[in-house]
Amino acid sequence: MTLRRRLAFTLLLTAVPLLLAAAGARYVIAQRYEARLLRDLALSRAESLGRERCESAPEEFLAPPPPMPGRAGPGAPPPARPGPPPPRGWLSAGVGPHRLPARAFVYDAAFRSADPSAPEFPAELRRALEAGSEYASRSYTTADGRNDGLEVAVRTGWTDGRCSVILARGVGATPEWSLGLLWSTLPLVAVMLAAVLVAAGPMVRRIRALTADVHRSADTHYEAPVAVSGRDEIAHLARAFNEAAAKVRAQLGALDQRDRTLRAFLANTTHDVMIPLTVLLGHLSNLRQRLGRGDGADDAQLLGAIQEAQYLASLIHNLGAAAKLESGEPLVERHPVELGALVERVVERHRPVADPAGIAVEFGIPERPIVVEGDETLIEQAVSNLVHNAVRYNRSGGHVAVLLEESPAGFRLRVMDDGPGVPEAELQRLVERRQRGDEARQRHPYGLGLGLHIAHDVVERHGFQMTLGRSEHGGLEATISGALRTRGS
Amino acid sequence: MAPRVLLVEDDASLGQQVVERLRAAGFEPTWVRDGREALEVSPEPFSLLVLDLMLPGAHGFDVLKKLRSASDVPVLVLSARNDTHDKVRALELGADDYVTKPFWPEELVARVLARLRRPALQRSDLVEAGELAIDLHARRVTVAGEEVALTRVEFDLLAALARRFGSAVSRVWLVEHVLDPDREGTERTLDVHVSRLRKKLGTGGRFLSTVWGVGYRLERPGHP
Chain A
2 MTLRRRLAFT LLLTAVPLLL AAAGARYVIA QRYEARLLRD LALSRAESLG
52 RERCESAPEE FLAPPPPMPG RAGPGAPPPA RPGPPPPRGW LSAGVGPHRL
102 PARAFVYDAA FRSADPSAPE FPAELRRALE AGSEYASRSY TTADGRNDGL
152 EVAVRTGWTD GRCSVILARG VGATPEWSLG LLWSTLPLVA VMLAAVLVAA
202 GPMVRRIRAL TADVHRSADT HYEAPVAVSG RDEIAHLARA FNEAAAKVRA
252 QLGALDQRDR TLRAFLANTT HDVMIPLTVL LGHLSNLRQR LGRGDGADDA
302 QLLGAIQEAQ YLASLIHNLG AAAKLESGEP LVERHPVELG ALVERVVERH
352 RPVADPAGIA VEFGIPERPI VVEGDETLIE QAVSNLVHNA VRYNRSGGHV
402 AVLLEESPAG FRLRVMDDGP GVPEAELQRL VERRQRGDEA RQRHPYGLGL
452 GLHIAHDVVE RHGFQMTLGR SEHGGLEATI SGALRTRGS
Chain B
3 MAPRVLLVED DASLGQQVVE RLRAAGFEPT WVRDGREALE VSPEPFSLLV
53 LDLMLPGAHG FDVLKKLRSA SDVPVLVLSA RNDTHDKVRA LELGADDYVT
103 KPFWPEELVA RVLARLRRPA LQRSDLVEAG ELAIDLHARR VTVAGEEVAL
153 TRVEFDLLAA LARRFGSAVS RVWLVEHVLD PDREGTERTL DVHVSRLRKK
203 LGTGGRFLST VWGVGYRLER PGHP
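Residue numbers (this note's numbering), protein chains in the order written: chain A, 2 to 490; chain B, 3 to 226.
Only chain B is shown next, with the shape it has when bound in the complex (with noise of 0.2 Å):
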């Protein structure tokens, strides 16, 4: 079933625009125009409210307070003015993050997107990205039910990327946090890693990608 997304948007074409955009992106939002209205709704069935703060009827400030004195929902604010006292409020009282206007609809949708992956990030001994698995717990990779055998080097730079799985991690926190500090750790060597790395994954290798200036991320492609 699509994540329910509650919007609480009083301008009539931005408010279409965003639900447009949710709704391409897999979303099923529900649209509340008035202040009034947003207070009396219940945030039980949705699992993301993004709320605009210059509301008529009630402010989005008094909007998050009867929300928060009830539910863990994740808010998103729309900030309307690029008012840094705005945002320290709205986080205070409870929002989760803010997208300021004026805003790209992907820009917003990258946001909600992100907020609603977050608590799955939870920490789980197994990460799996198509044909690849890796159990972090046991030490074991497999590519389609084959275990592949990798150095010790190698299974921690795996690990690395699989515990911030969708993340680039930069090539020096590698050099310093995987490869082994008594031997010559350049980032010349990590990259040698990195190549013998992926060879030995085979298809599983194009899980793990370079991030141009950064490092590297574990990543199913196309779905970042």
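Isolated chain A (complex conformation) (with noise of 0.2 Å):
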């Protein structure tokens, strides 16, 4: 149903239930100012005519006055009239809505009357009486069957004696008038629903426009805003839609950014895993020739393979630690983290690799457990970057050593080794500058890349420190420190 249509059907909804009631109450009110006046009538001609009078003639009290002339035609004879005889009492009854003469017949105490043609008293009227109410009215049917007629009893105040009660009969209000009404207000009506439907117009067109506005915006991904006009509801509607695009474009270009950064991700990975792949494959290939030769295989180049394929390895865990990481949302997972097992477990994963290039890894831990809170996942794969770098460019017959201290601010983690080291330059610009993501994926020539970035983002993400050093056995020396897991956290 369009705005229009409601507006005139709740409007015709309520008028017209308001005006039957309207006619119903005015009806009601009218009913009731003719028992009045009819009573006032009835008393104040007894009062004029007197007691006697009445006492003398009941039958003749209260008779109709000569015919008026004119009316029945002059020196006419009284028409002959089947029924009841004609009306004898009279009432003037100018007054009221039918302009009908009434009647008016009289009673004795016990509701008796000496006239005749008097009507039995009604018992309604007679209850009312009895029980002290100075008059009583009620709707009657007429002799001609109309049910419009008007009954009041009233006391006289003579109360002995044959003229005690009156009972006055006339003509009351119709329903037909009182609904006049109904039909004298219709125009207004038509009126007030033509004003309403025309007031509507502008409200109803401007809400067409929100409409269209607001498709537009939708169509260009709500970077187009509605029109705000006014400080109604409409204009408060347009502002809130506003608003609401506006978080959506939020929302919209959020998503926007980690799609992009997720194709970027991918691109990046599937280049960075590629090329130890392509190492891997020649390796391989390489040495599939020489036994097909039968030159044997070369135990460099079988080192060579293994340890790219170790290379890939942790270049597929820095590669998930660094999503984790960059995607700068805070660490969800913490748990106690036991150093020690995890510094035995690192030292062991790197010694396949290790021990046929002849580099010693050993490690030293306390006793006692060293327990952080952290991620687990990601502090592993920090010390294992530090320690995959000190072999991986260490030569053979060289040393690493993975040592965990108790220190008194907490725990104290050193990855040493004996190798060529790092240039202290190069050093200097490790230690001091923060690589960028990019720069660091690529193959560093010190192999301090990648590994290195993401050590140093895990540290600093539980809350540890790192600094990058020259080892006193002349290579370079790694410590990651920080405090321990509270008791209770």
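Calculated directly from the structure, the hints in this document are not laboratory data. Errors might be hidden in some of the hints.
[Claimed, not checked] Residues from chain B that face chain A, not an exhaustive set, calculated with beta carbons under 8 Å:
id: 1; residue: 104
id: 2; residue: 105
id: 3; residue: 106
id: 4; residue: 166
id: 5; residue: 171
id: 6; residue: 174
id: 7; residue: 175
id: 8; residue: 213
id: 9; residue: 215
[Stated by the list, open to error] Sample of chain B residues at the chain A side, in silico, Cβ under 8 Å:
id: 10; residue: 85
id: 11; residue: 87
id: 12; residue: 89
id: 13; residue: 90
id: 14; residue: 109
id: 15; residue: 113
id: 16; residue: 170
id: 17; residue: 214
[What the hints assert, rightly or not] The following label-pair restraints were derived from C-beta to C-beta distances:
id: 18; chain 1: B; residue 1: 200; chain 2: A; residue 2: 356; range: 22 to 28 Å
id: 19; chain 1: B; residue 1: 30; chain 2: A; residue 2: 327; range: 43 to 49 Å
id: 20; chain 1: B; residue 1: 154; chain 2: A; residue 2: 278; range: 57 to 63 Å
id: 21; chain 1: B; residue 1: 33; chain 2: A; residue 2: 296; range: 34 to 40 Å
id: 22; chain 1: A; residue 1: 278; chain 2: B; residue 2: 68; range: 37 to 43 Å
No experiment lies behind these values; they were computed from the predicted model shown. Glycine is no exception: its CB is placed at the ideal position from the N, C-alpha and C atoms.
Make the complex out of the two chains shown on their own, each in a separate frame, by following the hints.
Written as structure tokens, this is what we have:
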């Protein structure tokens, strides 16, 4: 249903019952007024004629006036009518809506009448008078069958004798007359209806314009705002839409950004993984060729293949860690992490590659467990990266040691090697400057690319500290330190 | 008798490799490829269980739960995903250790050995390595049955290493806990004590190794 139709329907739905109720009320009030008028007329007439006249000839009392000249025709004999005798009792019925003559009869205190033409006193009115009312009235059906007769019973004040009570009959208000009001107000209702429909016009037009604006905005991914005019509810709606559109835009932007990051990450990952995989394939192919020529396997080449596979595994783990870290979300996983067991695991992971390369990897952990709080996978990856660098850029006969110790502030974890180390300038650059992710992705000549970047990130995210420096044994020494897990946390 | 190891792994190639490696390392492996089947196997005859988490039939966590309701056998979990949540959950459910894929076969065997070695780590007053015997309670050291006279610091040093037999103990810890705090205790002093101790132990001195970058370790060479 459109707005206009709804308005018209609502207006009619309220106006019609209201008018019907008004007509009903008008009928009741008119009836009451007629009754009072009839009572006052009867009483004043009886008063002016006097009691004696009534007592002497009750049937003559309140007699009708002589025929009005011109009413039934001058000198014309009273028309002979069948049925009840013609009205005798008289009351001037010059008031009320119908201006019809009224009739009246007198009764004694026991509600009996000396007038043979008087009707039997209505029981309903008698009960009301006996109950103490000064007067009572009711509707009754007139002789011609119209249901608009009005009977009023009133005490004269002459308590004994034949004239205690007057019963006056007149004509009351009719429902048709009352409904006349309804017909007379119809034009008014029509005018109101028209006014409402006209008034709704601009509103409807503005809402239509707003709807078109919203469609347009949606088509432009909510970039175009809808027009806001005025200060009414429609303007509020337009403003609310613009606010909602801004939120939608922000969310779309965030999703778009995530999507772009994910695509970039996938592209970079594929690139990063393909290089060592290609090198690995090359090693395997060369080995196969050598075996085919009967040259036997080349241990160096085999070792190269093993190292490349190790690098690949470490790279994939690092890319997983990078995805977790680069999302920028706070670390969700926080659990007690026993660093001793972690160090042991990391060293055992690197030994299968270090041993055949002639590099000894050792570790020392305290007897008492050292427990910190954090993401075990990330911390393990950070330590693994440091060990991986130390092994990968060492030479046969070299050493790598991971030493975990308690310190006054908590723990200290050192990864040392006696490899060629990193030139002073390069080390300075690594220590001082946070590497950008893109730069760190490159295979660094010193192997301190993505792995170190991630180790640094992990340490920072856990509130630990990491320093890089020259080892007393000539190579590189990386130290991670931090606080222990507090009890109960 | 070779310790029996139950391997629950659905991948044929990986399972075959692990079985071969475990056998080569002196274990008697039993291989189960399905989660439902793993739920049925009684852990009773096994010294250790190697459990993959992603299994057909039933998840590794369910196998772990069922197992832990009846048995204390050590469990080593193979974690496919580098996912902290999985590891933490496995440890909460009673796993003893985990290895993240990809892993070197040597790495897995080392973890299994470490897990089986651990209960034997219980303190015993007598530590032996070849001809070297250290009685921690009586503070007596013999090499091939001959008692060796040691100073208090020398014995304390040897005892500290013997208590953590097979593990490297850091020089800093030894300086702080073994050397006399009243005298000047430095790492150089420690090294002097160690070299004297080695000399006194004679052939038994070969069990006392220097660990590069860490400190010292008492061990049987070739049997880490």
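Taking the hints in turn, this is what the structure says about them:
1. Below 8 Å, beta-carbon pairs count as interface contacts, and residue 104 (chain B) has one with chain A at about 5 Å; its hint therefore holds.
2. The criterion of a C-beta within 8 Å of any C-beta in chain A is met by residue 105 (chain B), whose closest approach is roughly 7 Å, and the hint holds.
3. The interface hint given for residue 106 (chain B) holds, since its Cβ lies 4 Å from the closest Cβ of chain A, which is under the 8 Å cut-off.
4. Given hint, residue 166 (chain B) at the interface with chain A, holds; its Cβ is 6 Å from that chain's nearest Cβ, closer than 8 Å.
5. For residue 171 (chain B), the suggested interface contact is upheld, since its CB lies about 7 Å from the closest CB of chain A, less than 8 Å.
6. Given the 8 Å rule on beta carbons, the hint for residue 174 (chain B) holds: about 6 Å separates it from the nearest Cβ of chain A.
7. Interface restraint check for residue 175 (chain B): the shortest CB-CB distance to chain A comes to about 7 Å, inside 8 Å, so the restraint holds.
8. The beta carbon of residue 213 (chain B) comes within 5 Å of a beta carbon in chain A, closer than 8 Å, and the hint placing it at the interface holds.
9. Checking residue 215 (chain B) against chain A: minimum C-beta separation of about 3 Å stays under 8 Å; hint holds.
10. Hint on residue 85 (chain B) holds. Least Cβ distance to chain A is approximately 7 Å, under the 8 Å limit.
11. Satisfaction of the interface hint for residue 87 (chain B) is found here, the shortest Cβ-Cβ separation to chain A being roughly 6 Å, below the 8 Å cut-off.
12. With its C-beta approaching chain A no nearer than about 6 Å, residue 89 (chain B) sits inside the 8 Å limit, and its interface hint holds.
13. Using the Cβ-Cβ criterion of 8 Å, the hint placing residue 90 (chain B) at the interface with chain A is satisfied: the shortest such distance is roughly 5 Å.
14. The interface hint given for residue 109 (chain B) holds, since its Cβ lies 5 Å from the closest Cβ of chain A, which is under the 8 Å cut-off.
15. At its closest, the beta carbon of residue 113 (chain B) sits 7 Å from a beta carbon of chain A; the interface hint therefore holds under the 8 Å criterion.
16. Against a cut-off of 8 Å between C-beta atoms, the interface hint on residue 170 (chain B) holds, since the closest Cβ of chain A lies about 4 Å away.
17. The restraint placing residue 214 (chain B) at the interface with chain A holds, with a minimum CB-CB distance near 4 Å, inside the 8 Å limit.
18. Separation of residue 200 (chain B) from residue 356 (chain A) is about 26 Å and conforms to the stated range, judged on CB atoms against 22 to 28 Å.
19. Between residue 30 (chain B) and residue 327 (chain A) the beta carbons are some 46 Å apart, a value that agrees with the proposed interval 43 to 49 Å.
20. Taken as a hint, the range 57 to 63 Å holds for the pair residue 154 (chain B) and residue 278 (chain A), whose Cβ atoms sit roughly 59 Å apart.
21. For residue 33 (chain B) and residue 296 (chain A), the hinted distance range of 34 to 40 Å is satisfied, since their beta carbons lie about 37 Å from each other.
22. At about 40 Å, the beta-carbon gap between residue 278 (chain A) and residue 68 (chain B) stays in the expected band of 37 to 43 Å.
Violated hints: none; the structure is consistent with every hint.
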